[in-house]
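S.K.: The listed protein sequences correspond, in order, to chains X and H.
For the first sequence, position 315 (counting from the first letter as 1) is numbered 315 according to this note's numbering, and the numbering increases by one without interruption.
For the second sequence, position 90 (counting from the first letter as 1) is numbered 90 according to this note's numbering, and the numbering increases by one without interruption.
No incorrect hints appear here.
A few chain H residues facing chain X, derived, Cβ under 7 Å: (1) Met1; (2) Ile2; (3) Leu3; (4) Glu4; (5) Ile5; (6) Asn6; (7) Thr7; (8) Arg8; (9) Leu36; (10) Leu42; (11) Ala43; (12) Ala44; (13) Asp45; (14) Leu46; (15) Gly47; (16) Asn49.
These stretches of chain X come out as covered by chain H in the derived footprint (C-beta under 8 Å, 3 or more residues): (17) 119-126; (18) 222-236; (19) 334-342.
Just so you know, these hints were derived from the structure itself, not from any lab.
Heads up, the beta-carbon is just placed ideally off N, CA and C, and yes, glycines get one too.
Letter by letter, the chains look like this.
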Amino acid sequence: MRELNLVCFITNLFAVILIGITTTVIPMLTRKSFLFGVKIPMEHQNDTRAKELRKNYITLCVLGTIAVLALAVAQYLFIPDMTLIAVLYFPFLIIAIQMAVYLPNWKKAVKLKAEEGWTVSNSVFADTKSSHSRGRLSDLPKMWYVLSLLIIFASVIAALIQYPGLPDQIPTHWDINMQPDAWTDKSYLAILMMPLINLGTTALMWMTGFMIVRAKLQIDPQNPALSFAQHRIYRRQMGHSIGFMTLGLAAMFAAFGCMSIFPDLQISFWAVIVLPFATMIPLIVVPFKSGQGGGRIKPKNIPAVLEGDNTPEKDSGRGDDKYWALGMFYHNPDDPAYIVEDRFGLNLGFNYSKLPIKIMVALGIIGFVVFYAWITVFLLNTTISI
Amino acid sequence: MILEINTRSSLTICEQLRNQIVLGIAAKKLIPGEPLPSVRSLAADLGINYHTVGKAYSSLCDQGYIIMDRRKGAVVADALPSGGEFVSNLSKTLLLSAAEAVCHDMDEEDFLELCTRQYKKAKGERL
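Just chain X, with the same shape it has in the complex (with noise of 0.2 Å):
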């Protein structure tokens, strides 16, 4: 019980700090053009007011992560047997006090956009070479795939060999010095299981590739073809990104496969685990080094660039801020994109207007209330069984 109190304990510490670290930067690595995802214009990207609330959050943001690690050490040491029931409430502690650090620099930004009378452009653009603007399904390096599919493939055809000679039970999970700690009776279901994950994650991955070269972007009213020239870069580095992971996942899920049958294999932990996380590091480091949406992409670095004629009216728009709630959720029904830059870091948000979305949030409140109710029990009886 100890033993996992502290696991369980450094676990919630790293977990804690990773967070809050995110949490933290998020501002500086959005594009320049949001305020706690309100639109503000060029000019006043680096106006005082706007630094100020940037500054705020982010001593907020320490604050906060400090508060929740003082509490976890808290709670370690004077209530140790509670440390396994954290899990459940840290997650909501942590999106609280998110929230209460975002809520008000995002009303905060709200006002001071109203008050200094900011006005953005109202314009939107798009390519009529269709593929720039959005990308395409083709805009995915094949070649990872077709890489990992060929190693489903060959595990396929090696679990199909290997069966007959194989004994009653195979490993089916093993434990940190890669020994095996459980086992299940030997079926073809049941050698064919990895190589069938395999295919599942190999297609979730494809799906999110597809999402990401898909999304709609965030134009710079100010040079729309630099933009789009930059997004096209910015979608090839990460359609290889993710289709890097893939290969490492495939591999990944392929090795746990020759372990079940190939009995006297010995792989070491490192080659198992941490090689495929290591395919991550590209998938992490793009978005950093080149922005959302490519947005951090010099010029000089991208050939041909044409240079945008566009001389952009000066209008007396609020931009679309109003179909973003709270800065955050983006609700245009007119908008047929499903899926679009987020305001407020680095990933990509949902159309909440589009009915297949609003399913797929029900189903995922649905599925988060079952696996909630389902770790607390399982939690309080082991809790209360030690």
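Given the structure of chain X, go ahead and fit chain H onto it with the hints provided.
M.R.: Chain H in isolation, oriented as in the chain X frame:
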């Protein structure tokens, strides 16, 4: 070519879209035979309703600027004949513009010079 639509303009989105494409064709940013994006994808790119794009395309098609190809979808048409109904429409538009210029006390010379400049600009010539 990059299309720009202003959602707060006094012109409707449909009219702006139509005008932008005509401007693009005149300036050779869109060349004859070049396929235009599908109604669906253009609507999604601009974040506007499908029907608006459909309406703009069908009005361009009626006026002969684009043709609807069964396989390629909307395609930029070859150069249009410059006579007939078009000239009578144009002279009406120009009459109104000239009248407005007169009302604003503009010289004939200045008006003609402006016409020449805008004609060249439409053709995409550097001024």
